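Peer 1: The primary structure of each chain is shown beneath.
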Amino acid sequence: MRIRARPISVGIAEGAALVSKCPVSFLGDVNPETGEIADRNSDVFGEKITGKIFVFPESRGSTVGTYVLLQMRKKGTAPAGIIMLESEAIVAVGAIISGIPLVDRPEIDVLETIESGEAVKIFSGREGWIEIDR
Amino acid sequence: MELSPEEERLLESDNETVRKCMEILVALGKIYGAERLIKIKSAQISGISYKNIGDAGLEWLESLDARVVVRSFMNPAGMDVERWSEMGIDRDFYEKQMRIIRALERLGVEVSLTCTPYYLDSPSFGDHLAWAESSAVVYANSVIGARTNRESGISALASAVIGKTPFYGLHIKENRAPKVLVLIDRDADPAMAGYELGKITGSEIPIVDFGRGVSKEELKLFGAALAASGGAGMFHASGITPEWRDFEIPDERIRIESSDLKSDCHPDLIAIGCPHLSLNELREISRLLKKYGKVKKEVWIFTSRKILKENPEIAEEIEKFGAKVFADTCMVVSPATERFECVMVNSGKAFEYLPKLRGVNVVFGSIRECIRRAVE
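Chains as they are written, first to last, in the working numbering: chain A, 5 to 138; chain B, 18 to 393.
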């Protein structure tokens, strides 16, 4: 099944999905050393985003979050790709400078469609889409 | 977003830095709903202090390979690049900080290290810019009538390399309309009034009636505080700023009284120069010191290297009275401030950020009150 989405950070990525229904701030909610979700209120608290296709609705918080993705990339704890319902500048710029593919505004509600653990591919270029085995 | 054939080619550039910079501008354009990119006159890049961007930022900057195509300025660093050891900065920090500065210099960014680039080369009314330092953004938009959004360090750098910025937000005249009318008590300190107003109005653009004449330096302090405590990118001042007459006066009204928001900690550092001081302000400090005499506390004065170089006598006059005049840095982005308990400032911006970012207590006073406290 192919889901159209808006390309924000270009590239191709694949991995197991990790779906968070809560908004995420990369500064504070994610531990860049381990790649684990550190926000106790998160529905995916303690899960690792490393190597995953990280799916979440939106981001919040400080502009320093941009450099957190870069740090994670350097330490090898970064996600393989990101899918957001609506992206914003902090995560978008962080993803671009870290070379992490990012798409947003998927044509269907991926928080309901995609399940954590299932294999997902992202294509982000002139056009963007998400591929799942259905 | 519509891109010209030339812009499309930059997205396919063989130069990875150019490609990434273009990718950043296009992504931001999509996110903010810009229809196209527009040319800018200058860029001002924040995120210079090693304290703020760390090794991840430093190594990323060193990995870049391109040249900026418009005049581009650096925001303050984490130290005075000449007198860093006097500030208590260690060699490791010094070396990391110099690597950041050199990485940007290699791209063609001027080593201006100031939050007041408009004192170096003022933009003109209507110029489009990509500036990142929030107090400079407010000054450029409000006092000069140039047009810039509040960029991040990275988006400003991307704009410097491409020479363009996405056309949205404060670049568009209708988005510069005031949403609230603010009457400020004529006895109120403009820096404190800006601080209090920002807490109330957030990122909304106000039109302000000061009830008296105010200097450009007072507008600078007001805007810096407004942007720090609230997040607005500009303000209008009735009868003063260039676009105040261009819009309808909003119905919503707020009054800001003269305030006594003065915490009672006893300062072990008095820091003046957030944003960086103009020559006029330096002269005022010099006059006050001549009047009141030698300082008995640590007093740090911050300005730009350019103003110091062009007016060496002013720093000498001030330092004769025991105060120190530093350039290239500021109290907010330098770790040097952290070893003090209580800092006295004349800045609403520093009043907001010093406790949050440097973990110190603050007390507020005008330049005159700061100097009087220093000689006690």
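Just so you know, not all the hints are guaranteed correct.
[What the hints assert, rightly or not] Not the full set, but computed from the structure, chain B residues with beta-carbon under 7 Å of chain A:
1. Ile41
2. Ile70
3. Val128
4. Phe184
[Stated by the list, open to error] Quick list of in silico lysine-lysine cross-link-like pairs, DSBU-like style, CA-CA up to 35 Å:
5. A/Lys125 to A/Lys78
6. A/Lys25 to B/Lys337
7. A/Lys25 to B/Lys373
8. A/Lys79 to B/Lys307
9. B/Lys308 to A/Lys78
10. A/Lys79 to B/Lys190
11. B/Lys47 to A/Lys25
12. B/Lys113 to A/Lys25
13. B/Lys323 to B/Lys47
14. A/Lys25 to A/Lys52
15. A/Lys52 to B/Lys68
16. A/Lys52 to B/Lys337
17. B/Lys314 to B/Lys196
18. B/Lys233 to A/Lys79
19. A/Lys78 to B/Lys373
20. B/Lys337 to B/Lys323
21. B/Lys196 to B/Lys373
22. B/Lys323 to A/Lys125
23. B/Lys47 to B/Lys311
24. B/Lys196 to A/Lys52
25. A/Lys78 to B/Lys56
26. A/Lys78 to B/Lys314
27. A/Lys78 to B/Lys196
28. B/Lys314 to A/Lys79
29. A/Lys52 to B/Lys314
[Stated by the list, open to error] Covered by chain B, per the in silico footprint, the following chain A stretches (three or more residues, Cβ under 8 Å):
30. 17 to 26
31. 45 to 54
32. 90 to 102
No lab work stands behind these hints: they were computed from the structure.
In this text, all values refer to a predicted model and were calculated from it rather than measured experimentally.
Every residue, glycine too, gets a C-beta built ideally from N, C-alpha and C.
Peer 1: B/Lys196 and A/Lys52 were given as a pair; does the straight-line alpha-carbon distance stay at or below 35 Å?
Peer 2: The hint is violated at about 44 Å.
Peer 1: Verify the interface restraint on B/Val128: the C-beta must sit less than 7 Å from at least one C-beta of chain A.
Peer 2: violated (22 Å)
Peer 1: Is it true that the CA of A/Lys79 sits at most 35 Å from the CA of B/Lys307?
Peer 2: violated (55 Å)
Peer 1: Verify the proposed pairing of B/Lys196 with B/Lys373, using a straight-line Cα cut of 35 Å.
Peer 2: At roughly 29 Å apart (the allowed maximum being 35 Å), B/Lys373 and B/Lys196 satisfy the hint.
Peer 1: Counting residues of the segment 45 to 54 of chain A with a beta carbon closer than 8 Å to any beta carbon of chain B, are there 3 or more?
Peer 2: With 0 residues closer than 8 Å to chain B, the segment 45 to 54 of chain A misses the three-residue bar; violated.
Peer 1: Mind checking, does the segment 90 to 102 of chain A have 3 or more residues with a CB under 8 Å from chain B?
Peer 2: holds (count 8)
Peer 1: With the threshold set at 35 Å, check whether the alpha-carbon distance from A/Lys78 to B/Lys314 stays at or below it.
Peer 2: Judged against 35 Å, a Cα distance of about 44 Å means the pair is violated.
Peer 1: Does the structure keep B/Lys308 and A/Lys78 at a Cα separation of 35 Å or less?
Peer 2: At roughly 56 Å apart (the allowed maximum being 35 Å), A/Lys78 and B/Lys308 break the hint.
Peer 1: Against the 35 Å threshold, does the CA-CA distance of B/Lys323 and A/Lys125 hold or violate the hint?
Peer 2: With Cα atoms ~53 Å apart, B/Lys323 and A/Lys125 exceed 35 Å; violated.
Peer 1: Tell me if the straight-line CA distance from A/Lys125 to A/Lys78 falls inside 35 Å.
Peer 2: Holds - the C-alpha atoms of A/Lys78 and A/Lys125 are around 22 Å apart, at most 35 Å.
Peer 1: Is the hinted pair B/Lys337 and B/Lys323 satisfied, with a Cα-Cα distance of at most 35 Å?
Peer 2: holds (21 Å)
Peer 1: With a cut-off of 35 Å on the C-alpha distance, tell me whether A/Lys25 and B/Lys337 pass.
Peer 2: violated (62 Å)
Consistency with the previously given hints fails for numbers 3, 4, 6, 8, 9, 10, 12, 13, 16, 17, 18, 22, 23, 24, 26, 27, 28, 29, 30, 31, ordered from lowest to highest.
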